[in-house]
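J.: All chains should be modelled from the sequences, with the hints used to inform the complete structure.
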Amino acid sequence: MNGRKFVFSVAVLASIFLFSGMLHAAEGLIEKVEFQKDNGKIESVVFHLNGPWLPKIFSLKGDNPRVVFDFMETAMVRSVPNAIETQGTMIQKIRLGRHADKTRVVIDLTAGGDFNFDQQFDEQNNIFTVQLFSANFPEKDAVAPEKVIAEEPVAETIAAEPVQDIVATAATAEVVESEKPAEPVENSPAPQEEEGPGVDPLLLEVTFENTSNKGEMILFKLNGFYPPEVVGEEEGTPLVICNFPGTRLDEKVVQTQAIHGEYIEQVNIQELKDSDLVRVTLELVPSKNYDLQQVFFKEDNLFVIIVNSYDSLDGMKK
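With mature numbering (1 follows the signal peptide of the UniProt record, and there is no 0) as the guide, the letters of the sequence shown map in order to residues -25 to -1, 1 to 293.
Quick caveat, the hints were computed from the structure, so don't treat them as lab data. Predicted model only: the values in this text are computed from it and were never measured. Errors might be hidden in some of the hints.
[Claimed, not checked] 27 Å max Cα-Cα, derived DSSO-like pairs, lysine-lysine:
id	residue 1	residue 2
1	K248	K189
2	K31	K16
3	K248	K227
4	K31	K189
5	K68	K36
6	K189	K273
7	K77	K36
T.: Set out below in structure tokens:
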């Protein structure tokens, strides 16, 4: 272990000015936490909040895999327990603990599983939901959770988790707006569902840019709002892996790109037929501590990863 460190930050540039002043307000409350599951296919954790207090999120792999949610400047009401025994097939336990500047929620996962998770925020009701499902489950959005596990107080406190070498933080989550009532339609037949490649997530282009003083950038052009799942690996050559589930790769995309930049050495792009995803792997220059920012420009369907190092950032501040 050479002490390298990745720090990820995520932003979705939609309604960001509306919520930027709310993310760190001091009166956030977690009013209720529920565990829901649907026949072992989808398991969800539902947070009932008193406002749009969106957490920072990072995941830790290994023998004790878990996902950690830090609700900054947020407390829990007394009826929320310190632990929820879920008895799920994917989610083993939910642990909650109050720290000086945040409430930390730890979701303990089943070891050895291959899971994806989705998150959304119901702005109207201030409900933040995380859904966990198998990486091979194709229709997660079509199933509604059914079973709710009642919360029972458990006398357990959580010590602060040690900082790991790989940290993935999420600064904001996608906001789900309430739907407007449908306009009446005069006896017109229901349109046929469009078929063909246009209805599926499609990665159209992957390019490198080094024109910003914020760092080296990889730009992903898509045909919709399809942000990837991003993880870092530090063993051997440091890697940033971007998985685009259920996504196809445009035939014009160059699948091996030699960058030879200050931070990014090479970009490799694969279309994994067996798991129905596109994987983009960024090979980074070794022996650096990296800061990685993720930004999705929703109007342009453009996902951007910005790679920089702590040494460069410190130099810019001086």
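J.: So which of those numbered hints doesn't the model satisfy?
T.: 1
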